[in-house]
Each structure stands twice: as C-alpha cells, then as structure tokens.
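Kindly generate the complete structure, drawing on both the sequences and the hints.
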Amino acid sequence: MSDVLIRAKGLSVGFPIGGGLFNKQILKAVDNVSLDIEKGSFFGLVGESGSGKTTLGRALLKAAPITGGGAHYSDGEVDYDLENITKEQLRDYRKRAQLIFQDPYAALSPRMTVRDIIAEPLEVMGLTKTRAETDARVREIAAKCRLNLEHLRRFPHAFSGGQRQRISIARALVSAPKFIVADESVAALDVSIQADVLNLLKQIQTDMGLTFMFISHDLSVVAHTCDHVAVMYLGRLVETAPTRKLFAAPRHPYTKALFSAIPSLDPDDRGTAQKLTGEIPSPTNQPSGCKFHTRCPFAIDHCKQVEPKLETDDTGHDVACHRWKELMAPQAA
Amino acid sequence: MSLIDVQNLTLKFRTDEGLITAVDNVSFSLNKGEVMGLVGESGSGKSVTAKSLMHLNARNAVYSPESKITLHTDKGPVDVLSLKTPRELNIVRGGAVSMIFQEPMASFAPAITIGKQMVEQLQLHGDYSKEQAKNISIEMLDRVGISDASKRFDQYAFELSGGMRQRAMIAMALSTQPKLLIADEPTTALDVTIQAQVIDLMKDLVSEFHMGIVFITHDLGVVAQTADKVNVMYLGRMIEEGPVREVIRNPKHPYTQGLLAALPKLDDLDSPLTPVPGDIPSPLERPTGCVFHTRCSKVVGDVCMSVDPTERQIENAHKVACHIYDEVPA
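So the sequence lines, in the order shown, correspond to chains Z and H. The numbers in the first sequence follow my numbering, run straight up by one, and end at 333. The numbers in the second sequence follow my numbering, run straight up by one, and end at 330.
Hints are not guaranteed to be accurate.
Listed below are the simulated BS3-like cross-link pairs for lysine-lysine, each with C-alpha atoms no more than 27 Å apart in a straight line [as the list claims (entries may be wrong)]:
hint: 1; chain 1: H; residue 1: K203; chain 2: Z; residue 2: K202
hint: 2; chain 1: H; residue 1: K265; chain 2: Z; residue 2: K275
hint: 3; chain 1: Z; residue 1: K256; chain 2: H; residue 2: K203
These aren't lab readings, by the way, just hints derived from the structure by calculation.
As structure tokens, this is what we get:
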C-alpha cells in the first residue's frame, strides 16, 4: 500500500570551504537526514533560509554532492542508489526527476519562445524523434498547464508571473517525470495567483500520479497542499509528521515557533504569540548538542551537550527534542 | 493632525509604446502616528504611489496638473510635486520622509561600511559633526536590536544576515527622525520568524517616534498585524479603503474579497483555495469602465464595462469604488 518512491538514509551533503591543505573545513548543509517519500504524495519541506531544505531537495535530484549516507529511488521500473549512480543511470534519472524553480523570471530564457523552452528537455534527452512528435507532446503538456497555442509562439517577457510559472511547470512535466521537486514555486507570486498555481500543481499530481517534494517557508501554503511535512533546522530534520497531525499538535519548539510567527489575519490578535528571538546560526559554526538550543526558550543544560535523536512513533509523527513530552504535557492536562 | 495629503494623484509614464497610466486619480491622507497599509498585487501601482510622496519616480513620469501632494512639516506645508532642485528635495528624501526598501542587500552600497553610509546621510540632513553622527548611528543600531552595534558600524552589508540588514536599513531610515516613513515590502524577503521580529520592532518605533508609516505589502496578514487603516489598489485605482478591522472583516470590493479568499488559512484546511481568476491586465490594455471587470465574479451589468465607479462611503471611513453599491442600478 504505502510504496516508497524515495528513501533517504542518513543522507548528508557537505561542501568544502576555505582553510588550507591540512585544515580543510566541511560545511554540512544537510546532516544525517532520513526520510521516506511515498509514491503519489505531496511531501512538504519547511524551515528558515539556511536550514538546508533546498540542498536536500537538490541532493535527491542528484544535483548536489551526497557526502554521507544515501538515498534510494524506486519507481517500479527502475531502482537507483543515488549515492553511487552510474552515468548511464543518471541520464535516465534526469527524465524521471525534475525541478521547478522559485523565480519564474530568472528560470526562463528570454530569447527562446515558449514552445522552444518546453521542447528543450525533449530534444536534449532525445525523447522524441520527429519535430511533429515534439510539437504534439509540447501542445499536450501546454494544454494541461492551461497555455494555449497562441502562447507557445510568444517569448517569456509577454507573460505575467503566474503564466511564467505555468510555463516552468510545463517544462518540468514534458519528460513525463515521476518525481518533482518544487522549490519555493509560489513564493514569488501574488496571493491571488498563488492559489491558482497551487491548485494546478495539485490537479497535475492527481492526474499524472506524480510525487512532489514541495519546499516552502510558508506554513499555511504547506498546510493546504501537502500530505506529509518535514521541518528542517540547520541541516537536521527536527520533526516530521502527516500534515494534519503536525498542524494539530506540533511537538518541536521550533515548529511551534514557526506557527506562532505567521501573522494572524485578526487585527485584534496582535503580538500575543510567543516569538523566536535571534537568528539561525551559521552552518560553519554550529552549536553543540541540540542545534536549536541557542534560540529555544526551553533549553536546559542537557540540550547543550547531547544532540537529540529523531524519535519515531507508530503514528508516523517523529520529533528530535529531549523535552517534547514534558512540554506537551501541560497542554494535554 | 494630518501629516500628508494626496489629492487626485494621476501619474503616467511616457514609454515607447505610449503613455502608460500607473496611478489613476488617487486621493488619501495620513495622520501623525498612523500606519496605513497599502495593499495590491504586483502592477497595482502601490510602489509608484509611495515613491510619488518622495517625488522619486523616474524621469519619464508625468504628473497630471490636478495632482497635489502636501506634506505638513514643522515649518509649514510643503507642496511635494513642486520641489525641483536636489536641495529642495532633501526634505522629502531622507529629511522629513524616509524609505525602507524590500531588498536591503540592494539598498546598501556594497563597498562602503554600514557606518559610513549612516554618517553620510546624517550629515547631509542635519548639522552634525562626524563624531556626533557616529554616536547617533550606533545608538540607532542598538535601538533596532543589533547586538554589538559599535562593531557592526564598521562592517559591510554582506557581513550581516538578511534580518540584520533590514534592521540596519530601518536604523538608517529613522536616524534622521523622519515624520513619515515609507516601508516598501520591508518583510517580504525575510523568514516568518524574522518577519515577526521586524514587525514588532516597527510597532515599537511608531509609538516611540510617533511618525506616520505607509506600509506597502501584498500580505494581508502583515497588514492585519501592523496597520490602522488599509487602502487597496488595483491597476492604479484606489478601490477600497477603511479602518483595518472593517476592511479585513467586512471587505466590500469583490477584489478585496477575492484576495482574502485566496489566502490559505491554517484554521480551515479542508476548503479548496479560491484564486482570483485571470491575471492582472497589462497597463497597456487598461480595461474600460471598472478596471477590475475582466476578473470580477460579481459584474452587475453593462455599467461595469462602461462606467468607472466612483468611490462611495459605506460607513464611517470605509469607502469602496464598485457598482454593486450604486443606489439606483443603471
């Protein structure tokens, strides 16, 4: 029943930075992350900037170097171990896994027509043989993304933000992928358009049976689109749960703080929320113990010394915090 | 007491494709100590309107002769649009009016220290010695919650995090003690956690310095948290305005209603998101009649396509420009 499309096990991504020959430092952008993304799910990844969500997304696309652990991709047709994938396999994996970028203004070449933009992956990957075949495929995908024939002849500058994002989506879909990473794909859009693009992504997911990893810093957007959410902080997974569980009863103090930071639409509900002080520490100079202890209002000495492990429970709600049970208790009473 | 009065502001840009209307007959006023939220999607003309208050629009901007912006300073009223020389313009550019921009990295000069930039503008607007200006700057950096202010004073913009940069930007804008602060999407580029901190800071500063703020944003949640009153713009028109509680709880214009409905809400995960249909039209193809009729779900008749609705009062200060509220439907 619950088929896993991608399973990450202790996945780490590090980048060498500065230092001399003998004291090379490694910046760990993603550190020991394990997660399962189920086939056909909409998997949300949230966290502040610098939490490593984009790097994790890219590692799963094999677009960032995997320096520890690994990730296994299995869609029923092929099985790949991403940490030691061959060139041949990688070429095939590129068709199966695609990325939608954040900024639809930067992601589209201004000198190509929309038709050429959408057709490019087909040509590069050699998926179609004739021009007629390519055109047919482009038209089919464009229609799914509500772009008409007239649109295909134009250049990106003639389009608004929402339309451009639909072009980016069409380009990502044209190679018939199984897995799509959408990195802040609605963050640059106005709310009125954002809802439209989210609905489109959802519809495409159901129609084509895709699996999405949806990276966002906006919790209310994630709440509305994703089935499962993972919260990241400084390269670690701090909490992961089915969306409803997470939003009904967040366990990690960081997740709670993220919730309370969302500006309320009620003008009379001002400033009552508990706010997080300070900022996310630099990944080159990470705190000891629990990475969150420098900003956590509930940190005790133990938190400064020992890093908490991700505790799994049978409901699929995992959390990495020494004190979550204690902290949940007063609410239950 | 009124701080700034904008009357019949109409602004067009001269371009190769002809005159483009960016702001169409907009009037509003703001009092001391009042925060006005200016809301609308990209292309609605909110930034252009705000920049007019500083007479800061590009050279191809053409103001209609009826446009009038009056700033009330301690030394009497100033007719902003009649200011010409850089010396005259000083009063609205950093003197009595300051601005905070969306992207603080782009607003600081990258090769000059934060401190040097703060000192420069203080000396430009006030009669300070270098030493005095430095002290004021460090005090201001400290006030906006930057730790180790005297060290930050000598750092460059790239050495600060996004949240710190935005705080430094606020410190710089406020160090000349402006009467009016224009904040153009000041929290949009920040994480929610940092956004919450910056919003708190701005609220504190309003009560402390008692200035007026024009807060431009597309985030209605941010407006609800900061503003006293809200003005909603669409394609250069002011389509609804009123006290924040009125507009957020009881929106009258179909566009405002649509914006609120499009917001994903945390307390209701089951109902689907309802987008405002279609895209904002290009300013080159301004619709006739009501500018919103091409996307409106509540068009009442031909009148929407042919007659531009005038703003009418619903109650108290709540005004809306929509034919739904015409007394005698045409």
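Verification of the hints:
1. H:K203 to Z:K202: Between K203 of chain H and K202 of chain Z the Cα gap is close to 38 Å, so the pair fails against 27 Å, i.e. violated.
2. H:K265 to Z:K275: Between K265 of chain H and K275 of chain Z the Cα gap is close to 20 Å, so the pair holds against 27 Å.
3. Z:K256 to H:K203: Distance ~23 Å between K256 of chain Z and K203 of chain H Cα, so the pair holds.
Of the hints listed earlier, the one the structure fails to meet is number 1.
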